[in-house]
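Participant: One letter stands for each residue in the lines below.
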Amino acid sequence: MTDVRGVRGVTPVELTRKDFMSDQELRWCPGCGDYGILAALQLMLPELDIPPHEMVFVSGIGCAARLPYYMNTYGVHSIHGRAPAVATGVALTRPDLSVWVIGGDGDMLSIGGNHLLHALRRNVDLTILMLNNQIYGLTKGQYSPTSGVGKVTKSTPFGSVDHPFNPVSVALGAEATFVARTHDTDRNHMQEIFRRAHDHHGAAFVEVYQNCNVFNDGAFDDLLRRDARPDMLIPLRHGEPVRFGAEGQRGVALNEFAELVVGDVDDLGEDRLLIHDEHRPDATLAFALSRLAADPHTPTPIGVFRDVRRPVYEDEVSTQIEAEVERRGRGTLEELFRSGATWTVD
Amino acid sequence: MTDVRGVRGVTPVELTRKDFMSDQELRWCPGCGDYGILAALQLMLPELDIPPHEMVFVSGIGCAARLPYYMNTYGVHSIHGRAPAVATGVALTRPDLSVWVIGGDGDMLSIGGNHLLHALRRNVDLTILMLNNQIYGLTKGQYSPTSGVGKVTKSTPFGSVDHPFNPVSVALGAEATFVARTHDTDRNHMQEIFRRAHDHHGAAFVEVYQNCNVFNDGAFDDLLRRDARPDMLIPLRHGEPVRFGAEGQRGVALNEFAELVVGDVDDLGEDRLLIHDEHRPDATLAFALSRLAADPHTPTPIGVFRDVRRPVYEDEVSTQIEAEVERRGRGTLEELFRSGATWTVD
Amino acid sequence: MTTTTSGTEIAQHLLDRVVIRFAGDSGDGMQLVGDRFTELSALFGNDLATLPDYPAEIRAPAGTVAGVSSFQVHISSSDVVTPGDAPNVLVAMNPAALRANLHDLTPGATVIVNVDGFDARDLTKAGYTTDPLEDGTLDAFTVYEVPVTSLTLQATEPLGVKRRDAERSKNFFALGLICWMYTRPTRPLVEWIEGRFASRPTVRDANLAALRAGRNFGETAELFDHPFRIEPASLPPGTYTNINGNTALAWGLIAAAELSGLPLVYASYPITPASDILHELSRRKRFGVRTIQAEDEIAAASIALGAAFSGALAVTGTSGPGLDLKAEMLGLAVSLELPMVVVDVQRAGPSTGMPTKTEQTDLLLALHGRHGEAPLPVVAARSPSHCIDTALEAARIAVRSRTPVILLTDGYLANGTEPWRLPDPSALTPIDVDLTTEENHTDPDGRRVYWPYLRDPATLARSWALPGVPGLQHRIGGIEKQDGTGNISYQPENHERMVRLRRAKIDALGTDPVVASGLELDLQDGADLLVVGWGSTWGAITGAVRRLRDDGHRVAQAHLTRLDPLPLQLVDLLVTHPKVVCAELNLGQLTGVLRDRSLRDVRGIHQVSGLPFTARELARRLAEELDQ
Amino acid sequence: MTTTTSGTEIAQHLLDRVVIRFAGDSGDGMQLVGDRFTELSALFGNDLATLPDYPAEIRAPAGTVAGVSSFQVHISSSDVVTPGDAPNVLVAMNPAALRANLHDLTPGATVIVNVDGFDARDLTKAGYTTDPLEDGTLDAFTVYEVPVTSLTLQATEPLGVKRRDAERSKNFFALGLICWMYTRPTRPLVEWIEGRFASRPTVRDANLAALRAGRNFGETAELFDHPFRIEPASLPPGTYTNINGNTALAWGLIAAAELSGLPLVYASYPITPASDILHELSRRKRFGVRTIQAEDEIAAASIALGAAFSGALAVTGTSGPGLDLKAEMLGLAVSLELPMVVVDVQRAGPSTGMPTKTEQTDLLLALHGRHGEAPLPVVAARSPSHCIDTALEAARIAVRSRTPVILLTDGYLANGTEPWRLPDPSALTPIDVDLTTEENHTDPDGRRVYWPYLRDPATLARSWALPGVPGLQHRIGGIEKQDGTGNISYQPENHERMVRLRRAKIDALGTDPVVASGLELDLQDGADLLVVGWGSTWGAITGAVRRLRDDGHRVAQAHLTRLDPLPLQLVDLLVTHPKVVCAELNLGQLTGVLRDRSLRDVRGIHQVSGLPFTARELARRLAEELDQ
Ligand SMILES: Cc1ncc(C[n+]2csc(CCOP(=O)(O)OP(=O)(O)O)c2C)c(N)n1
Ligand SMILES: Cc1ncc(C[n+]2csc(CCOP(=O)(O)OP(=O)(O)O)c2C)c(N)n1
Ligand code: SF4
Ligand code: SF4
Ligand SMILES: [Mg+2]
Ligand SMILES: [Mg+2]
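The listed protein sequences derive, respectively, from chains L, F, Z and C. Be aware that the first sequence starts at 89, since it is given in the numbering used here, and climbs by one per residue. Be aware that the second sequence starts at 89, since it is given in the numbering used here, and climbs by one per residue. Be aware that the third sequence starts at 72, since it is given in the numbering used here, and climbs by one per residue. Be aware that the fourth sequence starts at 72, since it is given in the numbering used here, and climbs by one per residue.
Think of the hints as simulated: they come from the structure by calculation, not from any bench. Here the structure is a predicted model, which means the values were calculated and not measured. In this text, a Cβ means the ideal position worked out from N, Cα and C, and glycines have one as well. Be a bit skeptical, because a hint or two may be false.
[Unchecked claim] Pulled a few chain L residues facing chain Z out of the computed Cβ check, cut under 10 Å:
#: 1; residue: L197
#: 2; residue: S243
#: 3; residue: P245
#: 4; residue: S427
[Unchecked claim] Taking lysine-lysine and the BS3-like style, the derived pairs with C-alpha atoms no more than 25 Å apart in a straight line are:
#: 5; chain 1: Z; residue 1: K233; chain 2: L; residue 2: K106
#: 6; chain 1: C; residue 1: K233; chain 2: F; residue 2: K106
#: 7; chain 1: L; residue 1: K239; chain 2: L; residue 2: K228
#: 8; chain 1: F; residue 1: K239; chain 2: F; residue 2: K228
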């Protein structure tokens with residue numbers, strides 16, 4: 089079999105943001121949170137030392153899903169909801185590539201929920217960024233599976249009656265090995281989380297809070313207003329006690345029912361503060377953290393909830409093939425055709 | 089509008105198992121676990137005092153999904169994976185009916201995973217029984233999303249490389265309000281759990297361990313062999329300490345990372361045993377319990393993991409309609425047609 | 072006619088018709104002024120038709136050609152069948168709008184440009200290297216250069232509005248000007264502005280000021296000689312409302328629910344251009360409508376099927392990509408023989424295609440897009456308001472034959488509007504549901520039992536009993552069923568029988584007296600040519616046929632609103648006309664069906680550009696066929 | 072010929088052909104003995120064809136008609152094209168097996184019954200009220216009553232096997248008996264049993280004992296006069312293997328991967344009757360095959376698309392319900408113009424239908440089942456071993472034209488077997504992939520750039536560059552693309568152009584020298600009738616045409632293995648023959664296409680019973696058409 093993968097490039101000496109920018113005009117609404125997310129991504133990527141031609145960005149349909157067009161990498165803008173599965177096909181075929189999946193909350197949790205779950209369960213080596221604006225942007229403003237109860241939108245003029253998903257909980261319930269959350273108002277945090285997600289070998293799921301200023305403006309303002317952040321964002325740092333507030337005066341501790349509670353450190357007691365551990369084999373701690381905030385209106389953890397190692401799907405597939413070829417030799421058509429009973433007519 | 093729902097029957101004085109048995113011949117393989125599950129169901133149903141004509145059983149495709157044919161109720165044997173959505177249509181239209189969903193692990197967690205998740209999230213008033221045999225029975229033995237890593241099946245002759253779902257964790261991650269687990273070797277336990285699931289107002293998800301003696305015989309034997317049960321089944325009882333073993337000598341306690349650990353009660357200390365609480369608003373406790381056993385080969389909790397109240401989807405839909413009719417009166421076509429600007433030509 | 076608005080010589084005061092296109096940036100509010108002008112003209116009594124056209128889904132950068140949004144309206148004192156071929160008047164708010172629309176104008180047309188939008192940066196953004204106002208580009212047209220932005224700013228200055236906000240009112244300036252030009256009373260507009268912006272008084276006042284300023288500018292500036300007048304059309308007496316296809320469809324479904332006594336359940340997943348049906352129905356809680364935004368289109372179809380089983384008038388709506396996804400569930404509905412309406416608002420494909428553009432390319436998908444032999448009726452609306460009738464017809468057929476029905480509209484119908492004469496609701500024909508409420512068969516042992524697949528001998532429809540009725544419990548599924556009992560059957564003869572029965576049941580609709588003919592005929596004795604079309608092209612084909620007749624040709628028209636079963640007389644007509652041409656917005660999907668059925672050499676006229684036919688272009692192509 | 076095995080008078084020792092059907096309960100191992108007998112006959116050198124038939128998916132209660140499983144094999148010393156119309160010999164292991172199969176026998180046939188299975192309870196379970204062995208039911212047949220069960224028990228008793236286990240060997244007794252009757256050497260069978268049951272010596276020994284006992288019973292019992300002999304067929308020289316359609320398809324795909332140098336990725340979701348393709352490929356890790364059991368059919372298609380983009384020979388396989396689900400992703404593949412093979416093993420629909428039964432009802436779904444204008448090539452296999460060639464052809468077309476290709480087989484081909492002559496692998500034609508590895512276009516400013524939609528002028532195929540190549544980064548999606556650059560374009564003219572280009576690209580395959588004709592012709596000078604068919608009916612039609620010719624009719628045959636684009640000469644043939652009949656296992660899906668294209672009154676012969684045509688019945692119906 090000839091090598092069809094083309095010539096592998098030598099990594100350019102120094103990659104810059106520009107190397108990752110395509111020539112296509114950005115088509116999001118002015119003020120859209122997607123701009124900042126794209127920028128954070130393009131600023132971070134050069135650090136990975138992977139040339140753009142070894143990256144594939146796969147998306148479904150939605151405003152968020154337009155992102156691959158703006159990346160000077162290989163890219164597939166597929167159809168609504170199917171990006172995790174399309175990306176699985178890429179990773180399965182080409183474990184040598186860096187494969188990214190971009191989509192919105194509707195794309196990934198409504199029509200595409202199942203593909204996301206199975207990609208996480210299989211632990212395919214994908215970096216999945218879900219841009220959560222709690223709305224359908226592209227179709228001009230219907231509620232999404234992450235919109236809150238009571239949300240008035242075009243399809244819920246009397247307020248939504250659907251209880252929303254908590255994307256971090258969903259991912260953890262689906263056996264995800266890496267789960268994190270970040271937001272479009274902190275470029276550094278995004279860059280850090282994107283890099284961590286990429287560095288994780290296996291499926292990495294990142295929820296990015298994103299403002300849709302046209303159809304759901306300010307959905308995350310309670311958290312992300314500059315003055316609210318210290319009291320509303322709970323930064324997760326591996327190995328450190330979970331605390332927040334301008335003076336670190338607030339903290340998170342465990343109660344007797346395996347649940348986490350938020351309180352003043354003075355009341356909780358410093359030594360009772362939860363020490364965050366991303367690497368627990370048991371997903372419960374991460375899940376408990378995800379339940380701290382039912383919606384982005386009470387103190388909400390951001391950062392890496394979970395980061396554990398587990399065999400990666402395409403690696404295991406390759407291993408089985410290699411082992412078999414090793415054991416019994418590469419098959420030939422001659423052998424294949426003769427693998428059943430044969431007889432000869434002269 | 090006329091009432092199209094037909095004449096509502098008066099509940100017969102005394103319902104019996106026979107009232108729920110259809111005239112169709114059972115077509116499962118001899119020895120299949122599905123027989124016992126059907127029997128438990130038909131034995132329990134009379135207790136509910138709901139006549140069979142007010143029940144609808146909806147299923148997808150699979151061996152398990154054949155169950156509705158054997159029930160003397162209304163029933164839809166739909167297509168693979170879609171039963172939770174079809175049943176949502178039934179419940180939305182007819183909140184007066186008792187709606188059940190039956191399916192296998194492939195039906196509900198592979199092709200139908202997303203519909204299950206959304207039914208749970210919306211909290212549609214459905215009683216969902218997932219008969220988990222960790223295999224595709226109907227299609228003659230391929231691995232399922234609950235089959236363990238390394239499982240050799242027709243489609244994985246070298247052993248599966250997919251990490252399986254834990255159905256209870258998946259349901260909890262998807263905001264389920266009622267989650268339980270039972271198994272086909274204990275008719276009383278099944279009956280109790282099925283009744284509890286039915287009594288729950290909202291979506292109730294029950295995982296039933298089921299033996300497929302033809303394609304996956306003995307998958308749960310480590311737990312369910314008569315002699316193994318005391319040491320391998322951890323019965324969950326609301327308000328009671330979680331302990332098991334022939335003499336109750338084994339127990340479950342919390343560690344500092346919100347995780348649960350299994351040990352000898354003597355080592356753990358009686359007072360440190362976890363007290364089970366089905367009604368915690370926070371799903372973490374239930375999730376922690378679900379993580380105790382990664383597969384049915386180590387001590388595994390059975391019973392009700394979680395049972396909380398949350399507004400029910402179709403109730404909320406009805407409420408919005410009733411409130412609007414109350415407020416502004418039932419609409420007429422005359423009004424509807426005139427709801428835009430009109431003009432008259434003489 | 073069109074010449075009356077052109078040229079510099081004194082034009083007639085009285086016009087029969089005019090086609091105006093408002094064009095500007097996506098953010099310029101062109102759809103809004105188009106809607107307002109349309110409503111004004113409707114209230115004034117003109118007949119009319121509209122064609123909104125907006126860009127790709129996400130807002131393109133301001134000032135670019137990709138970001139142009141336009142709204143065309145055709146108003147007339149006589150019968151209108153299309154939104155007009157080429158605009159007589161183009162209002163261009165910026166260079167991109169001019170550039171994007173210029174090629175649709177015919178020489179002599181009037182162009183009103185907002186000169187304030189024509190600075191060097193704007194020109195570059197639009198891709199102009201020289202200024203079209205100066206380089207002769209517009210020589211063939213009557214051009215009015217109006218400083219719309221600055222006049223709007225001037226007019227709103229006294230109100231103390233911020234410059235950025237004031238600029239937003241410039242669309243109302245343009246509207247005021249056009250209202251003056253075509254002698255529209257602005258009273259209803261003022262009221263509308265007052266109502267709409269009641270909670271935002273500054274915006275309200277700015278818009279009112281801009282509107283007045285535009286109007287006054289027309290009256291006082293020496294640019295225009297005098298206004299034109301388009302008399303009210305002599306529409307049949309009655310009360311009218313201006314309606315688009317999506318709203319009409321929603322109303323038709325509500326009417327069908329009322330007429331059948333079945334509760335309406337609408338399950339859908341948002342998709343352009345079908346979403347507005349969901350939006351409209353979601354608002355109508357007072358009519359008992361239950362809407363659900365499903366997790367995807369498969370779920371929407373599944374929910375509809377569950378609703379149908381439970382006794383709802385079950386409907387699911389979508390566009391092409393969603394119809395693909397519903398295929399398997401539709402096959403189940405065919406097998407279960409449950410009533411259900413499936414709306415497909417077609418858009419340009421394949422795949423994501425061009426979501427805001429129109430096409431008729433889902434016909435063969437609707438007819439054949441399910442595995443196995445899974446026939447179902449397919450109907451299509453022929454104009455925006457006809458969506459109401461089509462919804463009623465689809466529901467009637469679905470319930471009568473216990474079958475899913477596919478209802479085709481498209482982007483052009485969905486967003487286009489026309490006046491609709493309100494019917495008397497009490498005069499609408501009720502939909503007979505004919506539910507089974509007791510056992511319908513006697514066992515050999517004399518026991519009365521319920522057989523879900525017992526059929527009406529005339530319609531071949533199966534019995535329909537709803538959950539909740541004692542004694543009628545039954546279970547149905549997608550495995551082949553024994554005719555009568557509905558029990559699972561793998562018998563070869565039974566399968567053969569059921570396959571043919573399901574087809575015969577659909578065919579039986581062709582002769583069913585309760586069902587419409589599905590054919591709109593405008594024949595002509597001794598016609599040389601029969602033009603066949605279906606669905607949304609009715610207006611354009613009618614317009615083209617009129618033109619041909621005006622030119623002295625003898626042309627007959629047959630327009631299908633039902634595609635399966637085909638209308639009964641159709642094959643006869645195909646066989647008896649010397650020439651038959653089928654015009655459709657695809658590569659010949661109906662054409663192939665007609666050729667198969669009639670064995671006539673039916674010729675096809677196809678266009679697959681995302682745009683509707685214009686009557687003029689169609690007439691030209693038909694004339695070519697006549698010449699051959 | 073068939074009469075030679077019937078009657079009680081001395082029959083000929085030498086037979087030209089025989090059709091044997093083994094029938095018993097699902098648990099009786101009929102498929103196994105059928106397979107074994109087939110292999111034995113293949114090794115012996117007969118030409119043959121087989122038809123397994125098993126019940127609905129879950130095991131029905133033992134002893135019922137619904138639970139009967141059967142295996143028919145047609146062996147001959149001359150050319151075999153079908154598994155035979157009616158069995159000459161029926162082996163019935165119980166009353167249900169007799170009842171389920173009796174109606175397929177013609178008078179004079181031989182029936183071998185296991186009388187031990189005929190007690191009152193067995194008869195009742197099978198629905199018999201009187202004993203068919205005594206009530207005259209079998210008067211027209213030669214009946215041999217053999218106590219198969221008790222003789223098996225006797226034979227195995229010395230081994231100390233438990234009764235229940237010993238009973239399981241009774242299928243080998245029946246096999247032994249038939250082997251004696253048709254003079255098959257049992258040596259290979261003995262070896263097979265020894266190998267297969269090596270780890271379970273008791274089972275091995277019981278089976279061997281039963282086999283011997285059955286053989287000896289034939290030799291010693293006075294029931295049978297003498298054995299028959301069917302000489303080896305004069306097949307062309309070469310090495311042969313007996314192969315079913317699913318295995319053949321899998322091998323064809325592996326061969327295509329080897330011939331193209333592309334790695335094979337097969338993504339699938341289990342579904343009857345396609346699952347065995349997944350099973351077969353999953354075993355073939357030594358060939359570098361990557362298989363993935365996806366979460367559903369949509370995911371399987373998505374994974375295949377991702378694999379195609381990344382440079383795999385991407386394949387997804389399914390049956391009808393799964394093809395419904397793949398529709399939207401196939402539309403994307405059409406739009407992305409990526410090579411991909413989509414296998415549909417058709418089964419009886421609509422909906423779940425009858426999963427183990429065969430049908431040709433997905434043709435129009437394959438041709439038209441996607442929204443928008445989304446054409447793609449469709450090919451179909453005409454016999455089990457032809458699945459190999461068809462897989463190669465599908466892959467060749469897909470790669471050549473950068474397009475998804477639908478490959479149709481069906482339940483009959485999937486499980487039926489026939490001898491296949493092994494080709495010399497080195498003589499197979501390589502598949503030229505023609506990847507682009509450097510920039511292919513020069514910008515106006517002289518910069519070399521990569522344009523993914525630059526086309527080969529002959530095939531119209533677009534350029535294909537794989538991720539990993541520096542400088543060729545590109546992004547493609549389902550929104551309409553500008554021809555050449557592949558950038559998003561909403562331009563009406565571009566869309567019209569692209570729609571027509573995509574169709575033209577498929578049509579171009581019709582004249583492509585690298586592509587097969589797609590037509591199997593067996594013409595006859597002055598033929599009165601042309602019989603057209605497609606796919607799996609080739610054997611039955613060929614058999615029917617032979618019969619008609621034997622009866623002196625002049626009949627031509629044209630068999631399609633490509634349905635889009637239609638083979639070039641086809642329309643000519645349709646127009647030049649006095650009568651044309653199209654025979655297919657649906658309600659006339661190809662028939663309609665032929666009528667449309669040729670405007671000839673092509674008549675249809677349809678059967679939709681879940682069973683393949685028999686040559687005899689087809690000949691009868693064709694003769695009727697000839698008489699008209
Ligand atoms: C099969 C299908 N159904 C529906 C659509 C319409 N659609 C496009 S994007 C979208 C949802 C967009 O929301 P989200 O995924 O949250 O992305 P956002 O636009 O908010 O970034 C929908 C419903 C489609 N393109 N395809
Ligand atoms: C769309 C579709 N894909 C595939 C199938 C084939 N199929 C039927 S049941 C089934 C899975 C059965 O497994 P499970 O749901 O676990 O049920 P079980 O038979 O084990 O009870 C599959 C793949 C189908 N019927 N429809
Ligand atoms: S609609 Fe919302 S999410 Fe989409 S581009 Fe505009 S602001 Fe961004
Ligand atoms: S295959 Fe397995 S699950 Fe299905 S009926 Fe048989 S034993 Fe039960
Ligand atoms: Mg969103
Ligand atoms: Mg299962």
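Participant: A separate judgement is required for each hint: does it hold in the structure or not?
Facilitator: Each hint, compared with the structure:
A cut of 10 Å between beta carbons decides the hint on L197/L: the least distance to chain Z is about 9 Å, and the hint holds. At its closest, the beta carbon of S243/L sits 5 Å from a beta carbon of chain Z; the interface hint therefore holds under the 10 Å criterion. The criterion of a C-beta within 10 Å of any C-beta in chain Z is met by P245/L, whose closest approach is roughly 5 Å, and the hint holds. For S427/L, the suggested interface contact is broken, since its CB lies about 32 Å from the closest CB of chain Z, more than 10 Å.
In summary, the hint linking K233/Z to K106/L is not supported, as the alpha carbons are separated by about 38 Å, beyond the 25 Å threshold. Between K233/C and K106/F, the direct Cα distance comes to roughly 38 Å. Violation of the 25 Å bound is thereby established for this hinted pair. Only pairs whose Cα atoms come within 25 Å are accepted, and K239/L paired with K228/L is accepted, the gap being roughly 15 Å. A threshold of 25 Å between alpha carbons decides the hint, and for K239/F with K228/F the separation of about 15 Å falls inside it, so the pair holds.
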